[in-house]
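Based on the sequences and whatever the hints tell you, model everything.
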Amino acid sequence: MDLIANLSLGFSVAFTPINLLYAFIGCVLGTLIGVLPGIGPVATIAMLLPATYALPPVSALIMLAGIYYGAQYGGSTTAILVNLPGESSSVVTCIDGYQMARKGRAGPALAAAGMGSFFAGCVGTLILAAFAPPLTELAFKFGPAEYFALMVLGLIGAVVLASGSLLKAIAMIVLGLLMGLVGTDVNSGVARFSFDIPELTDGIGFVVIAMGVFGYGEIISNLAQPEDDREVFTAKVTGLFPTKEDFKNMAPAMLRGTFLGSALGILPGGGALLAAFAAYALEKKIKMKPGEVPFGQGNIRGVAGPESANNAGAQTSFIPLLTLGIPPNAVMALMVGAMTIHNIQPGPQVMTSNPELFWGLIASMWIGNAMLIILNLPLIGMWIKLLTVPYRYLFPSIVLFCAIGVYSTNNNTFDVWTVGIFGVIGYLFVKLGAEPAPLLLGFILGPMMEENLRRALLLSRGDWSVFVTRPLSAGLLAAGLLLLCIVLLPSIKNKREEAFVED
Amino acid sequence: MNIKSQKDFFAGLMFMGVGVAFALGATNYSVGTGARMGPGYFPLMLGVLLSVLGAAIIFGALVAKRTDGDKIGKWAFKPLFFIIAANLIFGVCLGGLPSVGIPAMGMMFGIYVLTFVASLAEKGMRIKPTFILATALALISYVAFVKVLKLQFPVWPAFITG
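Quick note, the sequences are listed as chains A and B, same order. Quick note on my numbering: the first sequence kicks off at 1 and runs consecutively. Quick note on my numbering: the second sequence kicks off at 504 and runs consecutively.
Read the hints as simulated data drawn from the structure, not as lab findings.
Mimicking DSS-like on lysine-lysine, the simulated pairs with C-alpha atoms at most 27 Å apart in a straight line are: (1) B:568 <-> B:507; (2) B:626 <-> B:577; (3) A:385 <-> B:626; (4) A:289 <-> A:248; (5) B:507 <-> B:574; (6) B:631 <-> A:385.
Now the structure itself:
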């Protein structure tokens, strides 16, 4: 079996002391920022990107991946105990998890979230390992037209994910694409939109945008809100273990959440957030047993389902990145950045040219999930203490780490000035209700899209019909169109807006 | 005509403005044809698309069915100013401003300045806890970034290290 041979190669890489250490650091950091509301994996990974320069590429990616899936674990703790989503994908966990905590059942809720996450993480990783090779084969059949069509599909997927107005999300994508074009054009050597500033001919650094918009923009809008009285159920976590009855209820929910989450994670634009929403909706649809607690009042299925789904989705969203080189969400867009920093061109060739990186990363996810369940269940008390740290100590630290991170990307102060500008822009986006995640995705895909469009049209001698006459590309575009139609259907449109209003 | 959604209206205006600016800027570069795309082709296309989207959002904001006006709300100028200022002053501490004769003060000094300026963003800043926080951050940063990760920083003021 190829799979076994590949995985044993992966484990031999992941089990080296240095990689174990970085997987552990990633998981701890991920849980930490997951628990803390107001800082997410996007800002953290952006902050740490420059710090990974010095590391071997495998260790760097293992650590950054750990932050992403670790955050899915940590986020549920805050959702259950404080009724605040520590992570955006835990929004739905708040609904039933917090009600369980109010009824003195915080322990079982935390256990359901932890176990669900662990199970889903393991299955998601397995799916990633099994599906990556065949998809890679397919990817080699892709020409520029297919890549362009795939990116269009991915960007449409990102729109479905964004909360609020669809049109605004599309506009944010286009804005991101345009910002991605700033800098020297690879074909003609013309410096575009650089206003004769030498630093801009290399383009705007995406660490700068990510940190300005996600880091500073969010801190400013957090500070603008008056601190509400948070009710923290710290003292009341006793008896972690769920009852037999709980197990009976949560096991099927975990299974359903895992499979739904894995499927949605693979889709472009998918990932943890969409998976959690869909899983909660599914659980609500399934008939209740007699005597079961209704949803919204502390049903354990409402915790286990979405928590499994968001972890499975986090895991499988690596599939499009590792096989096609196309990031399906903002975190994966940052992973593209991390790979390019280490001179690895993301795409189907990674598996053959860097097998130890590819399989090492996948194997590390298993190890990481095992570390996380230990970090999050027996050691839960430590994270609960963290929740009592006031925001006034937190935000200056975030500002500092952002500033240091930005400076060390290129060791020049120009980036520090630009991140200031993007901080203001980020706050403007918050005020205008324009969600920034699609912008970052567009920014990463901008140059890639232009390049593939250019090549596709060059090969077809300027004939645009190439995108619909090639079957693969036509199929991808049709899928995108279908996705757009589904979102625009009145019944779904209302549901979608409803779902996002809850956060 | 009433603006039904202030947020959408101004967001649309922003998109339209940026779109037009990019499209106009793109005409400075050679546009070329589909088969031979010049550097201006793709930006021009996207700029026009963004302007159209912006216009559609503005239109939507004028005909929306909401009644609350979807106000933008107050701007939090204080946090905005102090957070951005903290960041900029930290940059000045690291690199100095040779044009005005401000020497580079290094990272350690910068951390204290940044922490104090950033803390001003919230009301009720107290000097002692902020000082303790800054000291803790300085120690962590020194160990993590300078010693462990060996990032290249001007750590101490330029006039001390020479």
